[in-house]
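J.: Now for the letters of each chain:
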Amino acid sequence: MIEVSNISKQVKTTEGTLTILDGINLSLSAGESLAIVGPSGSGKSTLLGILAGLDLPSSGSVSLNGQDITAMDEEGRAAVRAKTVGFVFQSFHLLPGLTALENVALPLELQGDKEALKTAAYYLQRVGLEHRTTHYPRQLSGGEQQRVAVARAFACRPVILFADEPTGNLDTGTGEKINDLLFDLNKEEGTTLVLVTHEHNLAERCGQRLVIAAGRQVAPSTDVTHVTRGSTA
Amino acid sequence: MQALRMLLRTWRGGQLNLIIWSLVLAVAVVTSVSLLAERIERALTAQSSSFLAADLVVRSSKPIAPEWVAGALQQQVESAQVLTFASMVYHQDDMHLASIKAVEGSYPLRGLLRRTTTPFTTDTSLIEEIDYGPAQGETWVDARLLPLLNIELGDEIELGEIRLTVSQIVVEEPDSGGSYGAFGARVLMNFSDIEAAGIIIPGSRVTYRFLMAEGASGADGFARYSEWMEDQLDVHDRLITPDEAQASIADTMDKGRRFLLLAGSIGVVLAGIALALASHHFAAGQTRQVALLKSWGIAASRVRSLYLQQSLWLGVGGSAIGLLVGFAFSEILIAVVREWLPISLPMAGIRPWITGLATGLLCLAGFTLPAIWHLPAQSPLAVLRDDVKVEPVSSMARGFLGVIAVAALLFWYSNNVYLSLAILAGFGLTTLATVVIGLLMLRVGKTYGEKLGSIWRLASSNLWRRRSQSIIQMVGFSGAIALLMIMSVVRTSLIDEWRWQLADDAPNHFLLNVAPYELEGVRDLVTAQNLETAGWYSMVRGRLTQINGEGITEEQRDKHESFRRELNLSWTTALPEGNKVTAGKWWDELDLSGDIAPVSLEEELAGELGLEIGDLLNFSVGGLIFQARVASTRSLNWDNMTPNFYFLFPEGLLENYPRTSMTSLYIPPQQKLLVNDLLRQYPTVQVIELDKIIDRIRSIVSQVTSGLEVMTLLILSCGVLVMFAAVSLSMSERLQESAILRTLGSSRRLILGIQWVEFSVLGVMAGLLAAIGAEAAVALLQHYMFDLPFSWHPWLWLMGPLAGGLLVGVLGVGYSRKAVTQPPLLVLNSL
Ligand SMILES: Nc1ncnc2c1ncn2[C@@H]1O[C@H](COP(=O)(O)OP(=O)(O)OP(=O)(O)O)[C@@H](O)[C@H]1O
Ligand SMILES: [Mg+2]
Numbered sequence: 001m002i003e004v005s006n007i008s009k010q011v012k013t014t015e016g017t018l019t020i021l022d023g024i025n026l027s028l029s030a031g032e033s034l035a036i037v038g039p040s041g042s043g044k045s046t047l048l049g050i051l052a053g054l055d056l057p058s059s060g061s062v063s064l065n066g067q068d069i070t071a072m073d074e075e076g077r078a079a080v081r082a083k084t085v086g087f088v089f090q091s092f093h094l095l096p097g098l099t100a101l102e103n104v105a106l107p108l109e110l111q112g113d114k115e116a117l118k119t120a121a122y123y124l125q126r127v128g129l130e131h132r133t134t135h136y137p138r139q140l141s142g143g144e145q146q147r148v149a150v151a152r153a154f155a156c157r158p159v160i161l162f163a164d165e166p167t168g169n170l171d172t173g174t175g176e177k178i179n180d181l182l183f184d185l186n187k188e189e190g191t192t193l194v195l196v197t198h199e200h201n202l203a204e205r206c207g208q209r210l211v212i213a214a215g216r217q218v219a220p221s222t223d224v225t226h227v228t229r230g231s232t233a
Numbered sequence: 001m002q003a004l005r006m007l008l009r010t011w012r013g014g015q016l017n018l019i020i021w022s023l024v025l026a027v028a029v030v031t032s033v034s035l036l037a038e039r040i041e042r043a044l045t046a047q048s049s050s051f052l053a054a055d056l057v058v059r060s061s062k063p064i065a066p067e068w069v070a071g072a073l074q075q076q077v078e079s080a081q082v083l084t085f086a087s088m089v090y091h092q093d094d095m096h097l098a099s100i101k102a103v104e105g106s107y108p109l110r111g112l113l114r115r116t117t118t119p120f121t122t123d124t125s126l127i128e129e130i131d132y133g134p135a136q137g138e139t140w141v142d143a144r145l146l147p148l149l150n151i152e153l154g155d156e157i158e159l160g161e162i163r164l165t166v167s168q169i170v171v172e173e174p175d176s177g178g179s180y181g182a183f184g185a186r187v188l189m190n191f192s193d194i195e196a197a198g199i200i201i202p203g204s205r206v207t208y209r210f211l212m213a214e215g216a217s218g219a220d221g222f223a224r225y226s227e228w229m230e231d232q233l234d235v236h237d238r239l240i241t242p243d244e245a246q247a248s249i250a251d252t253m254d255k256g257r258r259f260l261l262l263a264g265s266i267g268v269v270l271a272g273i274a275l276a277l278a279s280h281h282f283a284a285g286q287t288r289q290v291a292l293l294k295s296w297g298i299a300a301s302r303v304r305s306l307y308l309q310q311s312l313w314l315g316v317g318g319s320a321i322g323l324l325v326g327f328a329f330s331e332i333l334i335a336v337v338r339e340w341l342p343i344s345l346p347m348a349g350i351r352p353w354i355t356g357l358a359t360g361l362l363c364l365a366g367f368t369l370p371a372i373w374h375l376p377a378q379s380p381l382a383v384l385r386d387d388v389k390v391e392p393v394s395s396m397a398r399g400f401l402g403v404i405a406v407a408a409l410l411f412w413y414s415n416n417v418y419l420s421l422a423i424l425a426g427f428g429l430t431t432l433a434t435v436v437i438g439l440l441m442l443r444v445g446k447t448y449g450e451k452l453g454s455i456w457r458l459a460s461s462n463l464w465r466r467r468s469q470s471i472i473q474m475v476g477f478s479g480a481i482a483l484l485m486i487m488s489v490v491r492t493s494l495i496d497e498w499r500w501q502l503a504d505d506a507p508n509h510f511l512l513n514v515a516p517y518e519l520e521g522v523r524d525l526v527t528a529q530n531l532e533t534a535g536w537y538s539m540v541r542g543r544l545t546q547i548n549g550e551g552i553t554e555e556q557r558d559k560h561e562s563f564r565r566e567l568n569l570s571w572t573t574a575l576p577e578g579n580k581v582t583a584g585k586w587w588d589e590l591d592l593s594g595d596i597a598p599v600s601l602e603e604e605l606a607g608e609l610g611l612e613i614g615d616l617l618n619f620s621v622g623g624l625i626f627q628a629r630v631a632s633t634r635s636l637n638w639d640n641m642t643p644n645f646y647f648l649f650p651e652g653l654l655e656n657y658p659r660t661s662m663t664s665l666y667i668p669p670q671q672k673l674l675v676n677d678l679l680r681q682y683p684t685v686q687v688i689e690l691d692k693i694i695d696r697i698r699s700i701v702s703q704v705t706s707g708l709e710v711m712t713l714l715i716l717s718c719g720v721l722v723m724f725a726a727v728s729l730s731m732s733e734r735l736q737e738s739a740i741l742r743t744l745g746s747s748r749r750l751i752l753g754i755q756w757v758e759f760s761v762l763g764v765m766a767g768l769l770a771a772i773g774a775e776a777a778v779a780l781l782q783h784y785m786f787d788l789p790f791s792w793h794p795w796l797w798l799m800g801p802l803a804g805g806l807l808v809g810v811l812g813v814g815y816s817r818k819a820v821t822q823p824p825l826l827v828l829n830s831l
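Protein chains in written order, with UniProt numbering: chain G, 1 to 233; chain B, 1 to 831.
No lab work stands behind these hints, which were simulated from the structure alone. One thing to keep in mind: the hints can contain errors.
Among chain G residues calculated to face chain B with C-beta under 10 Å, some are [unchecked claim]:
#, residue
1, G53
2, T84
3, A121
4, R138
5, G143
6, C156
7, D180
A few chain G residues facing chain B, derived, Cβ under 8 Å [as the list claims (entries may be wrong)]:
#, residue
8, L28
9, E32
10, F87
11, E102
Every residue, glycine too, gets a C-beta built ideally from N, C-alpha and C.
When you get a sec, could you build the whole thing from the sequences and use the hints?
T.: In structure tokens, the structure reads:
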């Protein structure tokens, strides 16, 4: 489902070239789940972005669902994203002018789905928000907003769901509920799940764990707090 | 469809309000002004037609060619022939050199004749309005002819070989307004009696008029016919259009119209700025949505098409609402100015609607599209990282596009290069000054603000930190203020200029041809009524006999009646008020001791007579000949209703010739009977009654003025919209900062104080900078558009900063009050 071979990412900054990721390899089959863990600034979000085809690695290749997305142009990657990928973000990214239902329906509508609103209502019910469909994001709590975001992500029936610290902004109890939701849906829909997290229990629930420190893949048991970033001037 | 749905949702979310309002207002202003202008234009043409008694007139010294009449008949254009000449009329032993007017049955083609059977009456219930002239064998005459010939209604008078029965008193002819030429009493008769009278023989001085008006063939048919007619004219003929018929009203109306145009143009520019600001704001709010769309795999091309479609819907929808609002507004404006339009206002054509729609679409293309152009390039990575942003189209390029759009609109809309350039220049100067001086002032403010209290320190460093936004806001503020200044200055000076016309005691009657032996009596009559004249002017009646030693040719005589008539020659030391020397020199620069006297001519007449500075003229006054050299030409002021003179000499030359006197005076309506007493006792005195015309001018001026006020209000609301757009530009950032300060426990005083200082400083600077642009634009406009003298406007420099600071400050603080009245969390959540 996801094949990553030896990717690295460098960016140019005013202080020289900064290596954010270096030599990451990874393989994940359909329906599995993967946790990307590591300290803040270690490159987790960057990696997620590359896996999801939102960004390109400086070297190495990524293939999703058997297609090498690093060889495609932006248009091609957009097409793959549209068919295969769904997202849940740390800061929810709901559109403030749309109701919960419309937020969930929007990606479906953009795909030309005639049943968009119906499907959206179904997934809102799945996340337990059937009574909040006409509410705007500002009228919802953080947990509720994230549940709307989860419903939106699953409503498109993605093959792979990417989540960047989906519970990072929520209290532990609420976070647990969101996590349960993600894994339930992962099981029921057979969705492959890739999530970035700081939380130990969440990482434990995943079938596979990728630990990175300062941009490098390390063995899951390594004490990651002492690894420092290698940078070339 | 998806695009429309997205647009409607965005609208529901309130993010489109500013854009839609700006668009609606731009379209509404343009539509209402064009509708109004076009409808009034049409009504005015119709109305001036009544002053001609026709839509078009040819005046000729030759009989009207039968082909013209036949052509009119064939092309279904209405026509009438009118003859005027002077001839003796008799009754028993009495006679009078009357001013005869013979009219065909269809006269008047436009406007109405007023007649009565009660001589000298002013009672309107006794006066009848009709659209035909006297029947064959009948004549309608001036009331003063009755005492002159000692006759009563029903008596017969002799004219050449025939006798005509005096059946009616003619009170007013539609086409007599402002006629200074006729000294004899009017005798109106039927055209078909002329031949039998046998008074027109070759060589008779007759003026032939051919009146034409739109008939069954409609406007197109009339246009075709009049075009054909123009090709037929020769030196003997002169075409008179409705525009020329009423010079004094035309000038007021013309300036009113120009003001309307100016106000409309300013409205367009203001709405354009508002739209640009609103679009900028809108685009900033859309970046997150675009990033999200792209993360879902929506291709850039699809995003672009979605936004283009939304813009199109926005343009069409906004313009449609704008057209409706504009229509409603024009109806309101018309309701205000309705009274002085006696005829119903014709409907406007399609053009104003097209203009309105085009404005909407062009504004969108010039302001909104450039502002959202970069959106599709937004990287989807922005959903993961906040620092990923695309650069919008550079503000230089956007400014350039905006200026092109505004310029195109201005030119197309006003059809006037000066007006467009003046507005562009004023606005450009203001923008330039704002960017350059504004930045400097912000810098200086930051440096010195640090030494001041905490509010000032925070505010000035905020302004500097947000400087690019501050500058954009300031451009909005100063642009709006400058344009409003331009409008109010022009409005004020126009209204000042017209004020005399609204003065209650402006002269409304002229008394002419008062003989020296009558002067005492007439004066007594006037003073007995407690009335005051504008002073008595003497004049001598003389003929022009030679130009540069050559006699007046037959051809010249045909061409202009001043070559065949006695002219009014007058004298003065000082240049009369309102006159301007347009060529040559006035007395004070001349040596007056020479043998040949200088003479000063009215400029237009000089042109018509083909006279130039230095020409030597011979005048004959009662058989005595004297010479004069053309020393200057003058333009006259026809607006002020005081006596005007075509031929002016220095003092000490004409005093010994037989002279008559003239004056102008104000006769209040309730003392109007004085005119009748005067005419009964002194029938040879000619009275020109301008009271009706003056009343009309006055009501037109006051209505035009209130029209201007309504328009000013509309434009003001455009200005406030711009301010609003500019204020809201930085609002979410400011509210966020305020909410954070609030969370940290800052007092209401500090938070609002900072906002107050920031906004009022921006407003004061904007007001000051606006004065620069406004002063420049006003100078251009006054000179090229409104014929007003240049003047400084110190109050602009004072009021600009004051009003700017206050208005912007109040708006800004009002807007950000939310930050202190609501709990900080609520504020942060709603952003
Ligand atoms: N375009 C870029 N330019 C400069 N530095 C970048 C860029 N992208 C990422 N970085 C840097 O690379 C490092 C990794 O960033 P990334 O966002 O992937 O970290 P993260 O593991 O997701 O951290 P967190 O847990 O705090 O979200 C950071 O130090 C970040 O500042
Ligand atoms: Mg991260």
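J.: Would the stated hint for E102(G) survive a check requiring a Cβ distance to chain B of less than 8 Å?
T.: holds, 6 Å
J.: Can we keep the C156(G) interface hint, with Cβ of chain B closer than 10 Å?
T.: With Cβ-Cβ at 7 Å, under 10 Å, it holds.
J.: Given L28(G) as an interface hint, is its Cβ closer than 8 Å to any Cβ of chain B?
T.: violated, 19 Å
J.: Are A121(G) and chain B close enough, Cβ to Cβ, to be under 10 Å, as the hint says?
T.: violated, 17 Å
J.: Was the hint right that E32(G) lines chain B, CB cutoff 8 Å?
T.: Violated - the Cβ of E32(G) stays beyond 8 Å from chain B, reaching only about 22 Å at its closest.
J.: Regarding the hint that F87(G) lies at the interface with chain B, is the smallest CB-CB distance below 8 Å?
T.: Holds - the Cβ of F87(G) comes within 8 Å of chain B, reaching about 6 Å at its closest.
J.: Is the hint on T84(G) kept, meaning its closest Cβ partner in chain B is under 10 Å away?
T.: holds, 8 Å
J.: Hint G143(G) vs chain B: min CB-CB distance below 10 Å?
T.: Nearest chain B Cβ about 14 Å off; hint violated.
J.: Does D180(G) meet its interface restraint, that is, does its C-beta lie within less than 10 Å of any C-beta in chain B?
T.: Hint on D180(G): violated, closest Cβ of chain B at ~24 Å, above 10 Å.
J.: May I ask you to test the interface hint for G53(G) with respect to chain B, counting a Cβ-Cβ separation under 10 Å as satisfied?
T.: With a minimum Cβ separation of about 8 Å from chain B (threshold 10 Å), the hint on G53(G) holds.
J.: Just to be careful: measuring from the Cβ of R138(G) to every Cβ in chain B, is the smallest value less than 10 Å?
T.: holds, 5 Å
Going through the hint list in order, the structure does not satisfy hints 3, 5, 7, 8, 9.
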